[in-house]
Amino acid sequence: MKVPLSWLKEYVDIDLSLIELSDVLTMAGLEVEDVLLVGLPNPYEQAGAPQRREVSIHGLSWDPEKLVVAQIDEVMPHPNADRLVLCRLNDGTGELVVLTGAPNLFEYKGIGPLAKPLKVAYAREGARLYDGHQPGLVLTTLKRTKIRGVDSFSMVCSEKELGISEEHEGIIILDDNAPTGMPLVEYMGDAVLEVNILPNMIRNASLVGIAREVAALTRKPLRKPQTSLPANGPSIAGKARIQITDPQLNARFVLGMLEGAEQRPSPYRVQLRLRLAGMRPINAVVDATNYVMLEIGQPLHAFDYDVLVKRAGGQTPTIITRAAHPGEKLTTLDGAVRKLDDFTVLVCDTAGALSLAGVMGGLESEITPATRNILLEGATWNFVNTRRTIFSQKLSSEAGYRFSRGVHPALSSEGVKLCLLRMAEWSGGVIYSDLVDEYPLPAADVKAEISTGDVKRLLGIELAADEIAALLGRLEFACRVEGDTVFVQTPPHRMDIGTGVIGRADLAEEVARIYGYDRIPSTYMAEELPEARIRRPIQVEKLVRETLARLGLQEVINYRLTSPEREARLTAAQPEAAQPASITIKNPLSPERSVMRRSLLAAVLDTLEKNARLRDRLALFEVGPVFLPVEGQPLPDEAPRLAMAMTGVRRTDAWDSHDAAQLDFYDLKGVVEALLDSLHIGNVSYAPAEHPAFHPGKSTQVSANGVVLGVLGELHPQVKARYDFLAPAVLAAEFDLAALVEASASRYEIQPVPVFPPVLEDLALIVDESVLAVDVEAAIRQGGGKLLTEVRLFDIFRGEQIGAGKKSLAYALSYQAADHTLSPGEANQIRQRILRRVEQAVGAQLRS
Amino acid sequence: MGEDVNILEELDRVQQKGLDALASVQNEADLQAWRTAHLGRSAPVMLAFTRLGQISKEMRPAVGQKANQVKVALETALEARAEVVKNASLRQKLDTEQLDVTLPGRRPTLGRLHPAAQALSEIIHIFEEMGFQEYRSPEVETDEVNFELLNIPAHHPARDMWDTFHTTVPGTILRTHTSPGQIHAMRELCPKPIRVILPGMVYRYEQTNASHEMQFNQVELLAVGKNITLGDLKGTIEGFARRMFGETVRVRMRPSYFPFTEPSADVVMECFVCDSKGCQVCKYSGWLEIAGCGMLHPVVLQNGGYDPAVYSGFAAGLGPERIALLKYQVDDIRNFWQNDIRFLEQF
Ligand SMILES: [Zn+2]
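Chains A and S, in that order, are what the protein sequence lines are.
Heads up, the first sequence is in my numbering, so the first residue is 1 and it goes up one at a time.
Heads up, the second sequence is in my numbering, so the first residue is 1001 and it goes up one at a time.
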């Protein structure tokens, strides 16, 4: 909400600086997001200004020497330019001639001295202004120049040049009572506070609302505008009737009347305030409705009374409020034909719909230049229906903003009365002395209570009941103290206070706000500490991530939202196969992000692809959930996964070595082995995998104790071809994190460090090509028994010497006993046992 | 007799001459030559031993002793000099093996955790030290837990605060905040006291731009007990800010609004980028918003199974990416999920 300071001061005395005022409001929950200077000096640019900023202040300050109120006494034609005029102007120090092209002066051109001089904002040479001819806000200094042969060193200003609005069509014409020669900043300099209105503080979306808070916070009286109608006007009796169909939709409806209004612009002072508050001035009648809405928070709507009478066939018009009928339509003020929903509330008459209640008026009964008699509506609308209508019609308006958050019914009559007074002042006319007021659903008279114990328990401060009552009293709560308890009646402008235990919390917040959050001492919980719980999945996940980073993989975190097409890239062999169901977004921002991912590997591969050309070597991993729909349940299984992918060279080039060897299956497998090792997962087995994403000969399923943990391997060439990878191979793995957690050991045995030296021996075994390394090693271990402490494959050889279809596997073995040094005889025995065993099991021969 | 006395003096001279010559020896070869000349078979001191027989009986022990002294002195000096010469020549050799120490080293590949994960774990770690334990809850949620049980009924104006992704399953949404975890934690742990952190990914139906993401992490704090006050909340948040941003940081709690807390507050911290003098990061206000928080709303306590007349508690929510954004002055939040390796490698 934009709050012009000068307007605010009408309702409360403010002796705080701009910075202090902003701080006071912000610390009470009315955050001043920034302050726009419209003329007033910037407190941060003055001598002795605080170093530390508390609020953002920007805008244009008007130099009192250079910008003054002046009067134009005559508008003369320019001797050689049709689109320019010369103004005979008095700036308080004397008479001079000023050149301008302002179209709104042309009506005065050449008519001789003006009977009523025009008051204008006059800028002298050297004034700092915004350039009216450039888009946006460009600061410029007014310099002496020659335009069409006439000396020009000063000018009359538009709103844009003064930083009031974007308006640059004509110059500002001030109200007649503006004193010639007065510095402009003194006459109309202002500052606009941009106050963020919290959803529960809609009562403060008005000047009086903000002023009430300032008054409470600074202990000043609030000056509410006077709203009594003149008693000598005609009576509205028999002029209009109201029929409320459903009080739940329309708790109150008030009508007032003004006869004989003239359609003319509002005084400049009013236009300026509307502009500063962010609204566009229209004419005195419409401006009055907007002005009063900004002033006290009650949106109002003016009907052309004569149109209503005509629609009623010359009879007394009846205003009917009701929900829209199925298929009903209405043409609104903006010219749009709107199809209405059954939750939309309408203001109608006997001839049909007139307006979208609380949101926007209809075209037909709109105020026109011909309107003389005005029927003024002030009503209260159900905020849920208003809100749904705004969403459904995609129509936001100042009125809708307020009604969709809740306007107190007490404001209906106040708003109508105040608006009639303002209208009569600015557009003339006679105010009817009374109102038609239907109020079938009176606002709840909320009674709440709060005790000193509540304040202590919720806020941690000790306040006496009287102190609590005094704090609440400043916000117009009617308080009665009984012992330790304050009984409270809610003032007739707010609807945010509950009853019972909720009311206690609501009041505690009001006490804290006015007392000051800053003054509440910081403490640390004295409460007993809850029992600590072990969260194994969280611990293991952390260990997995840290281990992989230590192993040289970069963690990535992807969007969980993806598209079925992206994920389908991973299922190579059967592209036509039906995709499994995903959690699908009903309102996706883009087709690219329309489902929750089912595959973490797909996400990591996307990232690998994006970065593939940036690095010679890439190794990435991600840990996170995939979302698997569960038949018959609204919520999916959020299964935690680990995915890894790597590609490129094994070692990046150094200045003295250029090894082009590429990462392959065994690099990724090594990472997996190290990871499983760090998790102390034993009994791991690797079996060939049948997985559509992987090369059938270069992939493996990893299990521990027979439970599948995941799969790793080289991407299937057809899958790889769907990505943009230059490297010959892409290695990838996906693991079930829950299975890793389950298999990981939180406790494990360690072996004592050996005291006696080992016997070291190398054995090269020739086996058929088809024999798996895992089987050879198992046979060696079986043969070696407990004294064989280490088996390490260090070479594989193929060649003529050993025959075709054969390979030689070379192992480094350690034999060791815990209690003595093994003798050569003992070592030989172990060796013989191993050789017998490998021959039996895998047909291995010792290579001599 | 007089001649024998002269021999003693002669030996002194031999010693002095030898030491003088040794002082100028610079290398191994000179060292050998000196040894031959001063300690070799025909060196003067050695000749003195062979000539001992020619010396009078009375003087013989004195001369013998003297010759021995001179020999030991020369040998000791030789050893010392040999050490010096050896060190000097080693140094000379090492000097020829000079590397260009400015050439780059051979680096093992360093993996890193994602910056958002780093920020998240830093925050979690601080709260763990303060007695909060990690608790997780689902990312796909029901409207009921995400909104209604948190005191945000359908069509409530407060719903504007969260633009929501709906799934095609009616009543099922992507959680818009970590707050539904409050309900899950309370319902699981009631009536025990609670002190947990709820970290995780949340989603907003919002066009992404430099400062808005449709997916981001949140960390929510939840404490429930019989004597927890707004002052406790203040103390906890300030304690966090000091650990996270430094001992002297100025933190302020100011009133705000969340439907599930009452009273509610925003936590702002002085802008460390500009020292509160005003900059683009703090939008020239001098303040940075770091958290939203408040005392648990009675309705929320009730929905969690706790009697609001007996129990109280607080909740607070922080954004790890936003904190990382501020800390490292990243100008575009979209960097986090774009996963450009050139961004990730800098953390
Ligand atoms: Zn700053």
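Treat the hints with caution; some may be incorrect.
[Said to hold, decoys possible] Here are the simulated lysine-lysine pairs, BS3-like style, with alpha carbons at most 25 Å apart: (1) A:K542 with A:K669; (2) A:K116 with A:K143; (3) A:K542 with A:K2; (4) S:K1226 with S:K1277; (5) A:K160 with S:K1283; (6) S:K1086 with A:K456; (7) A:K542 with S:K1017; (8) A:K2 with A:K160; (9) A:K698 with A:K807; (10) S:K1226 with A:K456; (11) A:K2 with S:K1283; (12) S:K1283 with S:K1327; (13) A:K698 with A:K542; (14) S:K1017 with S:K1093; (15) A:K66 with A:K220.
[Said to hold, decoys possible] One-sided excerpt, in silico: chain S residues whose CB lies under 8 Å from chain A: (16) Q1215; (17) F1216; (18) V1273.
[To be verified] Computed far set for chain S versus chain A, every beta-carbon distance over 10 Å: (19) M1046; (20) G1064; (21) K1086; (22) R1091; (23) R1195; (24) S1276.
No wet-lab data here; the hints were simulated from the structure.
For each residue, glycine too, the CB sits at the ideal point set by N, CA and C.
Structure-based check of each hint:
no.: 1; hint: A:K542 with A:K669; verdict: 21 Å, holds
no.: 2; hint: A:K116 with A:K143; verdict: 30 Å, violated
no.: 3; hint: A:K542 with A:K2; verdict: 49 Å, violated
no.: 4; hint: S:K1226 with S:K1277; verdict: 42 Å, violated
no.: 5; hint: A:K160 with S:K1283; verdict: 24 Å, holds
no.: 6; hint: S:K1086 with A:K456; verdict: 84 Å, violated
no.: 7; hint: A:K542 with S:K1017; verdict: 77 Å, violated
no.: 8; hint: A:K2 with A:K160; verdict: 18 Å, holds
no.: 9; hint: A:K698 with A:K807; verdict: 19 Å, holds
no.: 10; hint: S:K1226 with A:K456; verdict: 12 Å, holds
no.: 11; hint: A:K2 with S:K1283; verdict: 18 Å, holds
no.: 12; hint: S:K1283 with S:K1327; verdict: 15 Å, holds
no.: 13; hint: A:K698 with A:K542; verdict: 29 Å, violated
no.: 14; hint: S:K1017 with S:K1093; verdict: 31 Å, violated
no.: 15; hint: A:K66 with A:K220; verdict: 36 Å, violated
no.: 16; hint: Q1215; verdict: 6 Å, holds
no.: 17; hint: F1216; verdict: 10 Å, violated
no.: 18; hint: V1273; verdict: 12 Å, violated
no.: 19; hint: M1046; verdict: 52 Å, holds
no.: 20; hint: G1064; verdict: 56 Å, holds
no.: 21; hint: K1086; verdict: 33 Å, holds
no.: 22; hint: R1091; verdict: 27 Å, holds
no.: 23; hint: R1195; verdict: 5 Å, violated
no.: 24; hint: S1276; verdict: 4 Å, violated
When each numbered hint is compared with the structure, violations occur for hints 2, 3, 4, 6, 7, 13, 14, 15, 17, 18, 23 and 24.
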